[in-house]
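These are the residues of each chain, in order.
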Amino acid sequence: MTAIIAISLILVAAGGTAVVLTYDPERQAVTLSALGVLLTILFVALQAPDVALSELGVGAAVVPLMIMLTVRKLRRPK
Amino acid sequence: MTRTARCVLFLVAAAVVAGFFVAAAMHMPPFGGSFHPYRDHSVLAALRHATANAVSSVNFDQRGLDTLIEESILLGSILGSVTLLRPQPDEEERQIPDSGTILPSTKLVGYLVLPLTLVVGIDLVVHGHLTPGGGFQGGVILATGIHLLYVAGSFRAVEGIRPLTPYRLAEAFAGAAFACLGVATLIAGGGFLADTIDRGTFAQLFSGGTVPILNGIVGVAVASGLVVLFASFLDQEILVRREDRKNSDKGTARS
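Sequences listed follow chains A and B, in order. No gaps in the numbering here: position 23 of the first sequence is 23 in my numbering, and each next residue is one more. No gaps in the numbering here: position 46 of the second sequence is 46 in my numbering, and each next residue is one more.
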């Protein structure tokens, strides 16, 4: 179990770094979604399924979708 | 404020926060240990109140007021976003023909997963007091699930299943119902949002007193609130266009 927690912690750190290093907001929405999935795995490993479900819904789906829609709206030529 | 001043301000503030954070973390129970004073108290309280999911018991029974405030924050932020995203005087909603092609595989997966997602969402809300999940998680999954129809089908299909007025009303009434239930338990003599009604048998569908009721209320509130939120984002993305190009330089400054 400790190994799973350690691996998921490292994956979350790598995922968070990837989000920060993604410059283009449209691509950042995708890496943010991936980070949401990694955090979900970490929360499951830490025996917090309730939080994992929230993270899966909000972090991996809702927030990236809203960022994507906002960026697309702002980018559109007038 | 210059860049240097901002950096100095940030570093000073960060140092103070870091100091207090470390000082606070020093007194925490060690990671992965078996000493959990908060867990011991809350799980015992959950068992006493016949709520199998201790997390739901904390959210809706032991800390019901916090959840009511969270629910109000969600309501307020959705209200703010919808107000900001409504079409401006120089924008108009256009009717779009269904255009673009969707990959058959995307369509298939979408239509297969759509009913599954809705069932999972309802299950999470209904069994929130027994198994992991609850009103918030179930509501989020229901709201996103409905929008699989946009991925698999078309925007028109989504518009067909979400006439917005019922969702707006549901969001408002669910928020009010939460507060009203709190007042009702207060009148019944237990205190605001106290678990006063019959608690039933542990781990049965009808158990946990007010927890499953509040789960349902929050499920409706979150699902309808997010549908309204997504609707205003999607409408801005798909339907709303500026009326003419004469106003466009005036409009760019604002957008």
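Careful, some of the hints might be misleading.
Residues on chain A that point at chain B, a partial pick, calculated with CB under 10 Å [claimed, not checked]:
hint, residue
1, Thr2
2, Ile4
3, Ser54
Derived DMTMM-like pairs: lysine to aspartate or glutamate, alpha-carbon spacing no greater than 20 Å straight-line [claimed, not checked]:
hint, chain 1, residue 1, chain 2, residue 2
4, B, Lys107, B, Asp66
5, A, Lys73, B, Glu91
6, A, Lys73, A, Asp24
7, A, Lys73, B, Asp66
8, A, Lys73, A, Glu26
9, A, Lys73, B, Glu93
10, A, Lys73, B, Asp198
11, A, Lys73, B, Glu237
12, A, Lys73, B, Asp123
FRET-style restraints, in silico, Cβ to Cβ [said to hold, decoys possible]:
hint, chain 1, residue 1, chain 2, residue 2, range
13, A, Ala13, B, Val22, 29 to 37 Å
14, B, Thr4, A, Val30, 30 to 38 Å
15, B, Phe206, A, Gln47, 39 to 47 Å
16, B, Ala203, A, Gln47, 39 to 47 Å
17, A, Val30, B, Gly190, 45 to 53 Å
18, B, Leu205, A, Gly16, 25 to 33 Å
19, B, Gly190, A, Gly16, 40 to 48 Å
20, B, Leu112, A, Ala6, 48 to 56 Å
21, B, Thr4, A, Ala13, 47 to 55 Å
22, B, Val22, A, Ala6, 43 to 51 Å
23, A, Ala13, B, Ala25, 24 to 32 Å
24, B, Pro89, A, Gln47, 46 to 54 Å
25, B, Arg94, A, Ala18, 50 to 58 Å
I should point out that these hints are in silico values taken from the structure, not numbers from a laboratory. The beta carbon of each residue, even a glycine, is placed where N, CA and C say it ideally should be.
For this session: Look at the Cβ atoms of B:Pro89 and A:Gln47 and judge whether their distance stays inside 46 to 54 Å.
Result: At 53 Å between Cβs, range holds.
Exercise. Going straight from one Cα to the other, do A:Lys73 and B:Asp198 come out at no more than 20 Å?
Worked result: violated, 51 Å
Problem set entry | Pair hint outcome, A:Lys73 versus A:Glu26 [Cα-Cα no greater than 20 Å] | It holds: about 11 Å lies between the C-alpha atoms, which stays within 20 Å.
Exercise. Do the Cβ positions of B:Leu112 and A:Ala6 conform to the proposed distance bound of 48 to 56 Å?
Worked result: At 36 Å between Cβs, range violated.
Exercise. In this structure, is the beta-carbon distance linking B:Thr4 and A:Ala13 contained in 47 to 55 Å?
Worked result: Violated: the Cβ-Cβ distance is about 30 Å, outside 47 to 55 Å.
For this session: Could you grab the alpha-carbon distance between A:Lys73 and B:Asp123 and see if it respects the 20 Å cut-off?
Result: This hinted pair is violated, its Cα atoms lying about 35 Å apart.
For this session: Take the C-alpha atoms of A:Lys73 and B:Asp66, compute the straight-line distance between them, and say whether it is at most 20 Å.
Result: Not satisfied, since the Cα-Cα distance of roughly 35 Å exceeds 20 Å.
For this session: Using Cβ atoms only, decide whether A:Ser54 comes closer than 10 Å to chain B, and label the hint accordingly.
Result: Holds, because the Cβ-Cβ distance from A:Ser54 to chain B comes to roughly 5 Å (cut-off 10 Å).
Exercise. Going by Cβ atoms only, is A:Thr2 closer than 10 Å to chain B?
Worked result: This hint holds: A:Thr2 lies near chain B, its Cβ roughly 7 Å from the closest one there, short of 10 Å.
Exercise. CB of A:Val30 to CB of B:Gly190, is that within 45 to 53 Å?
Worked result: holds, 48 Å
Exercise. Taken at face value, is the distance from the CA of A:Asp24 to the CA of A:Lys73 at most 20 Å?
Worked result: holds, 15 Å
Exercise. Given the proposed pairing of A:Lys73 with B:Glu91, does the C-alpha separation stay at or below 20 Å?
Worked result: Holds. A:Lys73 to B:Glu91 sits at ~13 Å (cutoff 20 Å).
Violated hints, listed in ascending order, are 2, 4, 7, 10, 12, 13, 15, 16, 18, 20, 21, 22, 23, 25; each of the other numbered hints is respected by the structure.
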